[in-house]
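**Student:** Protein chains in written order, with this note's numbering: chain U, 1 to 699; chain G, 1 to 472.
These aren't lab readings, by the way, just hints derived from the structure by calculation.
Hints may contain errors.
Dumping the calculated DMTMM-like pairs for lysine to aspartate or glutamate here, alpha-carbon to alpha-carbon at most 20 Å [said to hold, decoys possible]:
#	chain 1	residue 1	chain 2	residue 2
1	U	K88	U	E66
2	U	K434	U	E191
3	U	K317	U	D257
4	U	K503	G	D390
5	U	K503	G	E5
6	U	K397	U	E236
7	U	K407	U	E191
8	U	K480	G	E5
9	G	K456	G	D390
Residues from chain G that face chain U, not an exhaustive set, calculated with beta carbons under 10 Å [as the list claims (entries may be wrong)]:
#	residue
10	S76
11	I77
12	T259
13	D390
14	S394
15	F396
16	C399
17	I402
18	L406
19	L407
20	V410
21	I414
22	G419
Glycine is no exception: its CB is placed at the ideal position from the N, C-alpha and C atoms.
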Amino acid sequence: MATVNRDNVEEVKTDDGSPKIKPRPIVRLGIFLIAHSPIFSVVFSAAGVLALLLLPLLAKNTYISENALMPGSARSMLSNQDVSDGSKLVNDIKNCRLNHEGQGVEVQKLIGKYMSDMGAEVSYQKFHPEGNQFHPLHFFSGPDSYTLLENVSCASYGVNVAGIIRAPRGDGKESIVLVTPYDFINGGDYESLSLGIVSSLFSLLSRVTWLSKDIIWLVADSRYGDYRPVAAWLNEYHSPSFKVSELLKCDELNTADNFRRAGTMAAALVLKVDGRSERFEDTLSIYAEASNGQMPNLDLINVVNYLAVHRQGFYVKVEKVVSLLSSSWLKIFGEIFEAVGKLAHTLNPDWNFGIPAADYLEGSATLASSLYSQALGIPTGPHGAFRDYQVDAITLKVSPRFPPDSKTRQHDFFLRGARLLEGTIRSVNNLLEKFHQSFFLYMLTSPSKFISVGVYMIAFALLVAPLPMVAASLYIDGCKALTNSTHNSAGNFKSWKWLDAAKQVFALHLLGFIVTLLPYFICQVPGQHSPRNRSIMWGTTSSSLLLITFVTIPGCSLFSSRPHGTNWAVLKSVTIAAAFIGLCLMSIINFATAEIGALLLVPTCLMAQPIKPALRSRRVKSLLGAFCSLVLVTIGFPVIFFAISKGLLGEGLGGLSLGGEFWIWLESLWAWKSATYLYIGMVHLPCWLLCLCILFHPS
Amino acid sequence: MAEEETYMFWIWAMASTIFRLFLIFFFPENINLSSRPELSTPLTSLRRLAEGYWLKQASLSPYAESMFHGSPLLLSILGPLTIQRIEGKSSHHLCSLVFVIADILSALLLRATGQKLQKAFRLNLKRLGLLTSLHDRGILPCGDIAALVYLWNPFTILSCVGSSTSPIENLAVIVSLYGAVTRRVPLAAFGLIMAIHLSLYSATLAIPLIFLLGYGLDAPPIKKFLQTRHAGVETTGSTSDVSKQDKLTQTTQLFSWRTVLHFVFWVLVWSSCVLVLCSLSLKQYGGLEEMFKRTNGFILRIEDLSPNIGVFWYFFAEVFDFSRNYLLIVFNLYILLTGIPPLAFRLKHRPCFLAFAYLAFSSILKSYPSVGDAALYLSLRALFVNELTDMEHSCFIFCGYIGFSLLSPVMHNIWIWRGTGNANFYFGNAMGYACFQFMFVEKSVNAMLNHDQALKKATAEMFKNSAITAIF
Chain U
1 MATVNRDNVE EVKTDDGSPK IKPRPIVRLG IFLIAHSPIF SVVFSAAGVL
51 ALLLLPLLAK NTYISENALM PGSARSMLSN QDVSDGSKLV NDIKNCRLNH
101 EGQGVEVQKL IGKYMSDMGA EVSYQKFHPE GNQFHPLHFF SGPDSYTLLE
151 NVSCASYGVN VAGIIRAPRG DGKESIVLVT PYDFINGGDY ESLSLGIVSS
201 LFSLLSRVTW LSKDIIWLVA DSRYGDYRPV AAWLNEYHSP SFKVSELLKC
251 DELNTADNFR RAGTMAAALV LKVDGRSERF EDTLSIYAEA SNGQMPNLDL
301 INVVNYLAVH RQGFYVKVEK VVSLLSSSWL KIFGEIFEAV GKLAHTLNPD
351 WNFGIPAADY LEGSATLASS LYSQALGIPT GPHGAFRDYQ VDAITLKVSP
401 RFPPDSKTRQ HDFFLRGARL LEGTIRSVNN LLEKFHQSFF LYMLTSPSKF
451 ISVGVYMIAF ALLVAPLPMV AASLYIDGCK ALTNSTHNSA GNFKSWKWLD
501 AAKQVFALHL LGFIVTLLPY FICQVPGQHS PRNRSIMWGT TSSSLLLITF
551 VTIPGCSLFS SRPHGTNWAV LKSVTIAAAF IGLCLMSIIN FATAEIGALL
601 LVPTCLMAQP IKPALRSRRV KSLLGAFCSL VLVTIGFPVI FFAISKGLLG
651 EGLGGLSLGG EFWIWLESLW AWKSATYLYI GMVHLPCWLL CLCILFHPS
Chain G
1 MAEEETYMFW IWAMASTIFR LFLIFFFPEN INLSSRPELS TPLTSLRRLA
51 EGYWLKQASL SPYAESMFHG SPLLLSILGP LTIQRIEGKS SHHLCSLVFV
101 IADILSALLL RATGQKLQKA FRLNLKRLGL LTSLHDRGIL PCGDIAALVY
151 LWNPFTILSC VGSSTSPIEN LAVIVSLYGA VTRRVPLAAF GLIMAIHLSL
201 YSATLAIPLI FLLGYGLDAP PIKKFLQTRH AGVETTGSTS DVSKQDKLTQ
251 TTQLFSWRTV LHFVFWVLVW SSCVLVLCSL SLKQYGGLEE MFKRTNGFIL
301 RIEDLSPNIG VFWYFFAEVF DFSRNYLLIV FNLYILLTGI PPLAFRLKHR
351 PCFLAFAYLA FSSILKSYPS VGDAALYLSL RALFVNELTD MEHSCFIFCG
401 YIGFSLLSPV MHNIWIWRGT GNANFYFGNA MGYACFQFMF VEKSVNAMLN
451 HDQALKKATA EMFKNSAITA IF
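Just chain U, with the same shape it has in the complex (with noise of 0.2 Å):
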């Protein structure tokens, strides 16, 4: 941008008749793209999709980047016993929840009972929990701003537990953490089987000799969710509050002062066991996104992954979009690159770029899933929780291939889990500092490839790069004009027109920033209301608040027919250079939101023009125009778009139930604090409603 804008007045310099110096390459490079940018935008944006598409032809192999990690280099230590010990508790498990009928902490002392006769402390902890709660600032606030509740009842709590074994050869500063969600109410059969396998490791971990960082075994209590037993037992854990809570007094179980700690987490591990597998292996799923679109360095997901399917033979997956893989035009897609890239190996073999149609449609069907569950900035797991303490942690879900009553078989299960996990452990054991040698910023196209940072940015740096081409070329056509109409009057201020433009810019970016806190008011609003009413709610009072900024601020008025207003090319320069920097901050915070933002708020700038000339002049071309950018603003709307995709997902909606999905869905998106709401209420919903003025603008 920088090059490109202090081009832009070297050429008004030049026009301007003043002796002309022949200017710096860089800067007639410049000056050549402003002249053409039209040419350019469709050119640039073009390339940008295009390169979107052929990222998962870019993906490369993963690989294990610490070496300090070795993973499968040592000998599994698991024995028989440690695994029969497992299938005890879980028979155990079952045995008590017959006899109790899911009531009380029975269980919870079951569990703690066998960790401390494998030698480990054991400690239990109380949490309630907590409904969503939209508070508006949260957004930018760390983790601990969990708040005690006031009125606390004993009608629903949970209990963890968690048992640590110290290592031998640590002094306690480190530890790696295992969890296992675990309803101890109505869990199933598959559920109990993750206790046992870790159950099984952890009574190997009581004896080995090699460990150097502290062991924690989390059962966390997942009557309320996975997420939320976990979050809570982090935040005791990282912020003890002083406060005594009234929730000790519910049953029998003492909580109080028994909350053991072991040092800062090197790694965790979330372990699930769910249904059955479809295939003919054992089915290991890794969800490795947090909240926000951050993930676990990579380097873990590769030592598992390199465990699970080198050494224990399990089959790894990790999500993908499933209509993607039928999709038709794909397939196409996937056809003509493997044809290029079949053509290219015979021009010069040495060019291997050239993936099967069929890898190109998984790849894609998993980038897609990717990007969709980092956009959204919902964490897939109780491992987001993690991430908020800077952990690297991820969730595996194993899907055993037998019906969980076979005896036989769930021996071998166990261990198989155990030694994966063992393995896995062994290897974070031996890192000397946090993980930090290989990716944090990643998406991944399979278990085994990934795409860098450095190579997905390209294609939104080529989506985003003609909007400073444009608002540069435009700044100069309106400010032309705006000379041309006023250059009777005094004519001052030659390089602050932009002001107006930018007045109303700001105007309407604030109005975006009430209206994404207004649900937090509309939230305390007395009485229950369903979310269909509280969208109601939400859409009259914005909708009022904007017509109230059309009516006061002079500049903003849609269908004013005044003659001097602000020069739309100006206002539109203005906004598309808003739209730039909100997208450029959004791809630090969240790349996934801000490429699917680009793709849609870039078009909707590029194509926003008044539409009153093109229907004055009636040729082809410019109504060609004003049809595509009402398309393109029509699609653009936050509501719109989001029932266009359910539509696509094939949830069929309409009317006013609309409305309360779209709250719903935005509750959940605030509930996690997900970026991405802040980016439709601060960037995207401003920038469009910009567009909308320009559409209208009485030019």
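With chain U fixed as given, assemble chain G onto it according to the hints.
**Tutor:** Chain G alone, transformed into the frame defined by chain U:
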């Protein structure tokens, strides 16, 4: 018209005060603005000041343990306020109220300064004979604009709400400028001494203040214009304009040594006052020597390498110990030699603008800059809206300022909290910000020189026309 404008000014000023009070009392506590590196530096942090006060209460030196590095006088004034609580509110609220008052005072003084400058601008145009009715209407009330820019600048609001002492530092600078512009010499000297006492870099202001008191307010370089006129007179051989020339010669003032000596005298008086007070307050804790070592020495030696929006912390975190002293000398001399003399030579006819240029320059190359410094020079820049109407790249620089100031907390977050970035990200942002500041200063100075050039051209043209009419 004018009445309506003042009316609007007061409304906006009141609104900004209310906005500040609202933010102080209703801003969520967990955001904790006072710990942002952009707002509070080791020198201006109120938290550190409170710590220093506690140390002093405990009969320890307030400078113990390298926590507090501010002025002992400020400690005596603000310190008691940091432990007073309004019921149910946290302790920084009283101090924040002091900062709000400081901000309002600064704005009012800026407004008065601006009105003086506006008058001078109009007078100069009249003297040169360039003032037409059209121009007269086009002169903006720069005082009001500067005051409002100061009050509504997000940087000012944030540093006021975010418990940093920079509003008081800014007030001292503005007091000194106001004193010099209204020729209240003791006030100017007081402001200068307080500003130097609070932050060392304000010492550069001595030069513009001396120019201001010696030569008078900002004016185009009339002497040079006269030379070109003389040349013009000789070639055309006309003497009809003699009377007008005489008037102009009379108006060009000579350097008035008396006022400057008066100023120097008051500077000495005030500095001895400040030193005596400081030594009294630090009597048991090592006295003045300790103070200079811990405040000015701390500034010059760049001891605290925690990240800030400046460009030095990163560099000095990387250098080898044996070259540290050498580089310290190089960097401090760089500020002293490259920034100050050239600007003083080039802009000595515009001392107020020179003050702006120095403040902006020092806020870029300071060892511990904060956005409060940027707030000060941006509002001083607004005093010259009339002169700097056609600054180049204004839109671009504006976007750059917004972009980089929004990017800074994001970069800090991904470095410190997420752990996905590193120090280079934040430092890169600081470099970009510094670049834009440099560009801003450079373009402003350029625009000012162009303005003088344009005035010169216009007078020469006018004189040529009048000479031609005189011949015929």
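**Student:** Taking the earlier hints as the rules, which of them does this structure contradict?
**Tutor:** 1, 2, 3, 6, 8, 10, 11, 12
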